[in-house]
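There are 2 protein chains.
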Amino acid sequence: MFIRQSVVKACQQSILALLVSGAFLQGATAANKNDTAPLFTEKELQTAAWIRDAARSDNLSYKILESLTTEVGPRMAGTPGDARAVAWAEAKFKELGFDKVWKEPVTYPSWTRGIEKAEIVAPFPQPLSITALGNSVATPKNGLRAELVEFANLKEMMAAPDEKVQGKIVFINHRMQNSNEYGLVVPGRSAGASEAARKGAVAIVIRSVGTDNHRFPHTGVMQYAPGVAQIPAAAMSNSDADMVARMIKRGKPVSLKLELSSAAAGTYTSYNVIGEMTGSELPNEYVLIGGHLDSWDLGTGAIDDGAGCAITMAAAEFIKRNGLKPKRSIRVVLFANEEQGLFGGKAYLAAHQNQIAQIQAAAEADLGQGPVTKMASFVRTEALPLVKQMHSVLAPLGIEPGDNNAFPGPDMGDLRMAGAASFGLALKADDYFDLHHTPDDTFDKIEPARINQAATTYAVFAWMAAQAPISFGSGQELLKAAKK
Amino acid sequence: MFIRQSVVKACQQSILALLVSGAFLQGATAANKNDTAPLFTEKELQTAAWIRDAARSDNLSYKILESLTTEVGPRMAGTPGDARAVAWAEAKFKELGFDKVWKEPVTYPSWTRGIEKAEIVAPFPQPLSITALGNSVATPKNGLRAELVEFANLKEMMAAPDEKVQGKIVFINHRMQNSNEYGLVVPGRSAGASEAARKGAVAIVIRSVGTDNHRFPHTGVMQYAPGVAQIPAAAMSNSDADMVARMIKRGKPVSLKLELSSAAAGTYTSYNVIGEMTGSELPNEYVLIGGHLDSWDLGTGAIDDGAGCAITMAAAEFIKRNGLKPKRSIRVVLFANEEQGLFGGKAYLAAHQNQIAQIQAAAEADLGQGPVTKMASFVRTEALPLVKQMHSVLAPLGIEPGDNNAFPGPDMGDLRMAGAASFGLALKADDYFDLHHTPDDTFDKIEPARINQAATTYAVFAWMAAQAPISFGSGQELLKAAKK
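Chain order of the listed sequences is A and B. Using my numbering, read the first sequence as starting at 116 and increasing by one per residue. Using my numbering, read the second sequence as starting at 116 and increasing by one per residue.
There's no promise every hint is true.
The list makes no distinction among identical chains, and a pair is therefore deemed to hold if it is satisfied within one copy or across any two copies.
As the list claims (entries may be wrong) - Keeping only pairs whose Cα atoms sit at most 30 Å apart, straight-line, the calculated DSSO-like set for lysine-lysine is:
id	residue 1	residue 2
1	LYS209	LYS178
2	LYS218	LYS367
3	LYS367	LYS209
4	LYS232	LYS364
5	LYS442	LYS595
6	LYS435	LYS503
7	LYS364	LYS209
No lab work stands behind these hints: they were computed from the structure.
Start from the sequences, fold in the hints, and give me the full structure.
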């Protein structure tokens, strides 16, 4: 018997509630239409529904995140906080009773922030609230000073004549209006420096890529294009960008002094930290969930991505604690250095590239505290009725069905490109880009009900994916079928 | 004729609208009950109602504040920003067409902020977001390190045995729950250092006196008690205070390293900057409105108190621009160094102490961007029917009537204690203590409709007070009557 007595009682109550509400029945009926396809058994569906209801009153994800943000705090890749986070993760996995806990090395170039200061020096002297972008080189010692030239976005800057940019500090004033615009606005951060340097700019200072109206600059990684001069790159807060734009609008030249001492700092080896609940029947097949363990240094990485770590650790632990024995293994991976270039995800793929077919399903949590609002899949056609059953169990949590072209999350993106069956458990990002990469990404922003819904969703997902009667189809065939 | 043709037309429309709405009629009827008391004439009431309606579509207060925060920005007393603010204020008064513009010296001890850093060094190393409190002394060079001892509030700390505090850094963890609790919580900031020092503490770090949930520390002035050791004093953000409290709750000693280089910096002379619209009949009697020109250095002083300066400058300018000629003078005073000890207010009283009786009414704006929600008065009994009429005109702006024991604002507090008739035009402070004394006090937080309502209220108030048929009674008699 794999459910404790107290659990059985709660389970029976849950099932009763479900039958009364009709939610569960609806799902089962819909799935039963496809009589020939392999389906979850009635008992498996009941257990999944029990997890959904019982886990909602659990609070473990909140507690794990409290522990990480209090006992470790900032954990930028390559810093002492990174090493403390790895130690914390190993210890926490063990404390939570994971069957196997191990770490896998991830080596990457390290970067240090150093001094970061900026001030308008003319016509109206004012200090600015700025931060260096990850990977930025330093300014000359004691800073550099030049006139600002404003552009509405990266594209407009790229279209400008070189003379307009030559010798200036480029100011990309591209406001991110809502959480859907990250992809639209972020190229100014990641590629702006090199594009500005091509035109002879001496530095770039962008409006932060963030949706808040506070005086927090948002950091984030940038990359230099090969063969182009490397110029310093920083972001100012939205409040500062508003103010600088107002100054520029007055028509007089506006000069900025920028001082950064950020620098590359050699090579560092951190770790993907992995905890596994080993499967009872198919231990070498596994459901892969997780988040990234590193954070930026400015805040304590509560929503980015302590939440993802906590959600997925709690999900697996809930299954184990309640005596449920999944057929397949459930593997929680806390990835190293996502922020500076997805190094943990790449290292995981490199270490496990011959095991793609063993991945039953991959789903990362890296968009904040939840709740999950949608479930998309990327599975072979034969498994779609199972996905439908999974969704039917999850629907009462307010989760919409998605398409069959899911993206599992940043660190698992390469796995999917290599053919891993994937799920996209979309987290509600309404506050995510307010806090993202700022000093304000702290634990006090977390609402227990939100993070708990996400942990519950991951628990149901992980359990059902692990129990599924057939493989979800990871491998080249899946990629080929998707291309058709 | 003291109203331009276009204004007359708008005025007639306004009066019509008022009659239809009944709002104006109501006020007039109520006031007319007291037939023997001197009252505003029908024409004066009509003009006041016209100001109320016409000024609502004005936008000058917003523009003045945009100018101050963009062209001057931070203007902490004694800094170059202070001098730039004085120059800005003189120029702006002249540009706005004030009849007389002058400045009066205000001398005070100056203080510099310097370096401010804090980090938890054990058991869980984490940097904190802190700021020095105004007047704080420095730590030893390279900082000091000691164990934290937490208290729920100042009172609890004062009641604790000395042994508990000796050699420690006191952490006063008193959360300000809403904007009404400033008076309750602020003693921990202003008096905490000396009270902690009496018990042998080596420093004090308080939870910020602020209602926000962001990673901004709130600065603010503190005072050392004579004859007590001076220990460094700082505030941490609410987010940091939450985190430190969580650490302490784990039961192990929590050690903090604090580094401040703040210091007293000699004597500085700044100025109260004054603009006057001179009265046509009683030029030596004046309605006194204003705000304080200095701000803290962390933000740009948009709500504290650029808003108060802008509201009152715009109010007086609106009257002048529309050709209205007040009987009494309207004097706008932008006070120097309110933040570090009400120096501008004290200097104004010292320079004008023989003219208390000439103050028709005093009302300062120093609680943010508005709107005004209540009007209280402090006038002789004979003037109360006039106050009632003033309120009737203002009521459609959503302004409640108050008592006759008004406080005119921090810089005018001493004037009131000396017998100046006063008005308390209460500003809605819902967001004020979120932003107050933080880097986040910036212009982007200002809503035109809010600040404009406040400027409109001050224009109506200033006009009516200047036109009143009798004196509001400033002088010793008023104080005596109030004490009865």
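Structure-based check of each hint:
1. In this assembly of identical chains, the alpha carbons of LYS209 and LYS178 lie at most 30 Å apart only when taken from the same copy (15 Å versus 60 Å across copies).
2. In this assembly of identical chains, LYS218 and LYS367 lie within 30 Å of each other by CA distance solely across copies; the values are 29 Å between and 56 Å within a copy.
3. Proximity of LYS367 and LYS209 under a CA criterion of 30 Å is satisfied inter-copy only: 22 Å between copies versus 62 Å inside one chain copy.
4. Proximity of LYS232 to LYS364 under the C-alpha cut-off of 30 Å is restricted to the intra-copy arrangement: shortest distance 23 Å within a copy versus 36 Å between copies.
5. In this homomeric assembly, LYS442 and LYS595 come within 30 Å of each other (Cα to Cα) only inside a single copy, at 28 Å, whereas the closest approach across copies is 87 Å.
6. Only within a single protomer do LYS435 and LYS503 lie at most 30 Å apart by alpha-carbon distance; the minimum there is 25 Å, versus 72 Å between protomers.
7. In this assembly of identical chains, LYS364 and LYS209 lie within 30 Å of each other by CA distance solely across copies; the values are 23 Å between and 58 Å within a copy.
Figure legend: structure checked against the earlier numbered hints; every hint is met.
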